[in-house]
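Protein chains in written order, with our numbering: chain G, 1 to 907; chain R, 1001 to 1445.
To be clear, the hints were calculated from the coordinates, so they are not data collected in a lab. C-beta: ideal position from N, C-alpha, C; glycine also. Hints are not guaranteed to be accurate.
[What the hints assert, rightly or not] Below are the DSS-like pairs computed for lysine-lysine, each with C-alpha atoms no more than 30 Å apart in a straight line:
no.: 1; chain 1: G; residue 1: 375; chain 2: R; residue 2: 1153
no.: 2; chain 1: R; residue 1: 1154; chain 2: G; residue 2: 396
no.: 3; chain 1: R; residue 1: 1319; chain 2: G; residue 2: 258
no.: 4; chain 1: R; residue 1: 1149; chain 2: G; residue 2: 375
no.: 5; chain 1: R; residue 1: 1311; chain 2: G; residue 2: 88
no.: 6; chain 1: R; residue 1: 1416; chain 2: G; residue 2: 258
no.: 7; chain 1: R; residue 1: 1311; chain 2: R; residue 2: 1371
no.: 8; chain 1: G; residue 1: 413; chain 2: G; residue 2: 396
[As the list claims (entries may be wrong)] What follows is a set of in silico ranges between Cβ atoms, one per label pair, in the way DEER data are often shown:
no.: 9; chain 1: R; residue 1: 1034; chain 2: G; residue 2: 347; range: 50 to 56 Å
no.: 10; chain 1: R; residue 1: 1352; chain 2: G; residue 2: 174; range: 37 to 43 Å
no.: 11; chain 1: G; residue 1: 579; chain 2: R; residue 2: 1218; range: 55 to 61 Å
no.: 12; chain 1: G; residue 1: 102; chain 2: R; residue 2: 1411; range: 55 to 61 Å
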Amino acid sequence: MKSLLLTLASISIANASPLFHWTFSKDKFEGQNLKPSGEAVEAPEFDTDGHLVFTAKQHLLFPEEKAKKLPLETFAIETRVRIDQPQKWGSIVSYSQDNGSHERGWLLGYNGSRFSFRLSTGGPLLEAVAPEPFEPGHWNHLFATYNGKQMRLFLNGTLVSSRAVSGPVVLPEVPTPFVVGAYKDKDEFYPITGRIDFVKIHDTLPSQKELAAIAKKSEGVAFSVRPAVRFLAPGKALLFWEASHPGKAIIAYGPTRKLGTIVESAAQKLRHEIVLENLQPHTRYSYRISSETPEGPKFSPIYEFDTGMNYMPQTLAAQGHPLAEAYLKDLPIQPGFTVVVGLTDGSLTRALAANSQLNVTAFDDDLDLINSLRKTFTAEGLHGSRITLIHLPDLKKIPLTSCVGSLVCSERKELPSPSSELVRLTRPHGRTALPDGTFTTRDPIPGSGEWTHQYGPPSNTAYSGERLGGSQATGDLELQWIGRPGANFGIDRQPRMSAPLAANGRLFHQGLNRLMALDAYNGQILWGMEIPDLRRVNIPHDCANWCADDNHLYVAVKDLLWVLDGSTGKRITTLKLTAAHRDSHEWGYIAHEGDTVIGSSVRLGAEFKKYFGDAWYDKVGRDSDTANVLSDNIFGHSKSSWKGNWSYSRGLIINPTISLSDGKLCFLECRNPDLKKGTSGREATRELWKDIFAVCLDASTGKIIWEKPFPNTLLRTETKGFIQVSYGAMTSEGFLATLSEGDTNELGKPTGKGIFSYHYFDLADGKLRFQSQTSWRINHHGSHISHPVVYEDKVYTDPTGISLPDGKLLDHKFGPREGCSAVVGTSYGLLLRGIDRCLTFWSHDQKTPTHWPRLRPSCWLSFLPAQGLFLVPEGGGGCSCGGWMETSLAFIPRNNSGITNSKEPKQ
Amino acid sequence: MFRTSLALLVLCGIASASPWPTYRHDNRRSGVSSESLPLPLTQAWTHDGGPPQQAWTGPAKWDAYAANEGLQSMRNFDPCHFTTAAHDLLYFGSSADNAVHCLDANTGEEKWLHFTNSSVRFPPTIVGEKAWFGSDDGFVYCSDALTGKPLWKKRGAPTDRLVPSNGKLISPWPVRTGVTVENNRAFFAASLLPWKTSYLWCLDATTAEQLYLTEHTGVTLQGAILAGGDRLYIPQGRAAPVALTQADGKATGTIKQAGGTFCLLTEDNQLIAGPPNQREHDEQLRLADTKSGKRLATFNNTTRVVVAKGKAYLHSLDKLQCLDLTRKGQLETNLATQQTELKKLDPKVETNLPKIEELKRKITTTQNDLKACLLWQIDHPSPFELVLAGDQLIVGLDNQVSILNAATGKQLWQHKVTGKAYGLTPAEGRLIVSTDLGHIHTFAP
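Same shape as in the complex, but just chain G:
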């Protein structure tokens, strides 16, 4: 088998000559001396590629006076490195002292298995750490930059970490080695194991274009559409991607990172599809794609997929059965639930399972018949997996919760229960098939809403109009289903990642580089896909990476928008960014309304990916984790043609403020030209809040309807205070910009106090109707970054809110709100993480909370009132404290649940 080691050609920026440039290859050495001016401490040994071997005590020293002459406020350190052994205190190049509380200088290296850039401005060494571990034995390009305000770490051309710092680097006052290949100071020495191709130190910072070029070259295999794995059946999955050039591809995969199995894709076209078979269950597989290029083989990073997420049903040979075919005609055949009330011989039941992917549950009152068929189906390996037979003494009333079946029918010519009972068991949009040949489709549950975007509708109100059957307390809701996905699906507590979505009876949920579609009414998993490049976190400072409509799921993956068939997960098409941004940007905002799909372009690496360690994104004050992600442009595509219609590009659009309603697209935009020129696409600076405009576009044409200079903020001034977070939302009358403004003392440090300020613009003409404010309750656990719940007549942010359209302070509070999650609304209450940090229902009428013990949502938004249900896909897994239930489930209003016995126990 060919070596799978990445063998990238050297890549470096082509800007002005660096201050220092050392290459650690055989031809640059004379004995132990490296040209220019370096010295290897040990006799150098070189590998077959001519690279100096760093192992044991080997490292190189350079004259200290050179380190002292380096710029202190604007510099960049560039290297290409292969680390073979992760270790604590790994250093590639450093000029640093770390002696207890006395820390000085700078260092580019790694800590454990994560690359790290550290520097001191007089205090402790501050660190920017890569969120993901590197792969030992593989080459990586690193760029560490400092501009006197921000330290940034770029891995293979992509920003992976940044941190706000101020002032010049303070160098060690004591003699200190200027060293490559080891951490070495007054009393510590940690040599590395691996290879260093080169080290350069620049007095200029790399441009976005240069970084993008590095990113492109670092990719190895060049994809035009990134790879993904979609599960097909037990033990079977489809790996698919599109290459940038036609040609053969090799896939190596296996249950460990040693891979093992090799398959070849001979596709001469760009699109590759490989069916992987005989996969072991409950196994995390690794895979790597390689392709032949004129420069030799190129390799992708090692990606993963987990067959523990494969819940696809066993497929059966189709059976000729006219009645089954009639019942299934025009029904989606993906997994779901079929209910059969009354059996004859089980043949219809079996044929329904065979001719679809539906799970069939049949009820009958004849125990002998049931047991006989159970034995038959068990012998075929079907009972309990594709078919379940349930004995009931009386079929008149089926003790099953309502709204379950995609198809509900009977094998008998005469129904054993009233037809209304079959209708009751049918899910909205599902089919009731009666023996007389009548088919009916069940209407949506009255008063049900759709949660198609991050905060419900694209207007970001966190309220979809869902009435939840008038429910006002937990006891008004009954369990509808419980089960997968579980805690192994997600990222630890889903750290402020995109919310689940619910549309057309489907529930979509994102996990750790994966997504899944479920039937909202019965929890059946419809399809699942593992997408290595899917992840986006820190949504309060950005926007979600997906949205849904009745037929499609729109998912932003790197620079493309994947349009997936909502019922099967098959990719229908991909949409591209506007031409000027395709090589340097990624897809940012995503929303749809009518025939329009809205997108935006954010700079490569600006989106947040980090989730390991302190990645809670709710610190008080401005730092790299609370920076806003910004779009360079916004544009519209047509759903009917999948073609671009318009684009708008002026300033920097603040992503969490973008909202869409009734053909109008509103947002806040920074028109500070200096910032636009110099930004990385993620900003925490005060400059972001200079020259701000509220803008309203026509969503179908991109033309400006109105634009207004943003008025003065209410707490922050030019010298004091800061904007913690900013949100946009729309009512039928106005655009509401809600800013969380924090206070600072005379030294510029946050006091811990702050306000939510509300700025309400008339949707017709942009006139400012009011400014208003409420105070922060607390400044942690997401309280001070609360997303508002916006009704037509009022707005809630923790712990109170204002009335609309006058902006007056409400006379009541809600809560208690505890823990990190967001708050959402129904017509009769608010849903939040509250009592004992459990999921809580706060009643508008009663102004009191009730809660579900041990039910923990995610650390942003993982619960949705939609589809007539309260949907709670698992989001809290990973929280190792507390006896949380760690399960997905859904509730249905008790008055829609089929419970007729008022004595049946409530909570």
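Following the hints, position chain R against chain G.
Coordinates of chain R only, in the frame set by chain G:
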């Protein structure tokens, strides 16, 4: 006729053979049988029960915030089709096809099966000629253990209501505790949702009459019920087990040092359970005093232990080992006391110094004595299950089962199996092994 001949067989053939009548042998869930297996064993037959459909998925990949990787499942109570064995018959409950199966232990031929309306997660408890089992459908069943004839069933849930769960229908009050029969009383719980009332039932095991029914709030009772002394202990998975009095079913509190669904009571009714939580970076079992709730000992880097005659057999850091548990418990208690006393003494007070020095010496001695509690250890991969049969330690591994000499750790026998060997049943001269892929292997002389 069948019953007569079987009874004769029992009397004549293997009257001295030891059955395995309930999950992990007895109500302490000890995993200890008194009789050794005759060696060598050969594979007599295998049965494919279909892949288990577990109630819960695996744990989260990590607590990324706390940089705590490798979290352990705390609800892994149904990883295979666990078996019980008596009357030369083998029994298992199936989470796959919803039935309790009874197989001829000699041939693997199916003797009878009893379907329920949902998954069965624990093997039936065999008491005399009765087989007791619970189901996710919210009912408890009792059948004739020899013929499978249904004797009666009892709804543990307050209603017939069913809801979808992982492609099946379950009661919101499934019976996921199995049935524990102690002193002719049958105990089981119907429970799932902490925001709903849970129910503990106690029936007369002869007449099936209700002796009491108690209601419990804020709990999720799942995992095999343990009985010891005058108490019951019911695991809760991700929360601490609940202790109740057998006499009236009233809860007396939780054993806060415990957690998970791997629970056993030692011979003196101390509770070993784990994992206690997911905060520990290493896999851990703890020994807790069931009266005081205090932790008596901690076993790090381990998930399974078996205890008999004061000795504990467990695996930790690539070593399988045997410890003098009685002495270890005493010494750890002493050590804790000594360390507490030492902390109380201010070293700046001169008069304390002799006492401090004495305590330090004692602590060193105790620590050395603790090391001597290790009776043997061998290099060994981490097991999925450990049980004892007489003087044999039986170890379930990935695609393998082994038998070791319990006194020395020397391997006596091994055989391949298909999948991870989570279930081990040494009974009536045979070894029955259940794996995570749903296979049941039976080995006999």
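**Hints breached by this structure** = Result: hint 5 breaks, nothing else.
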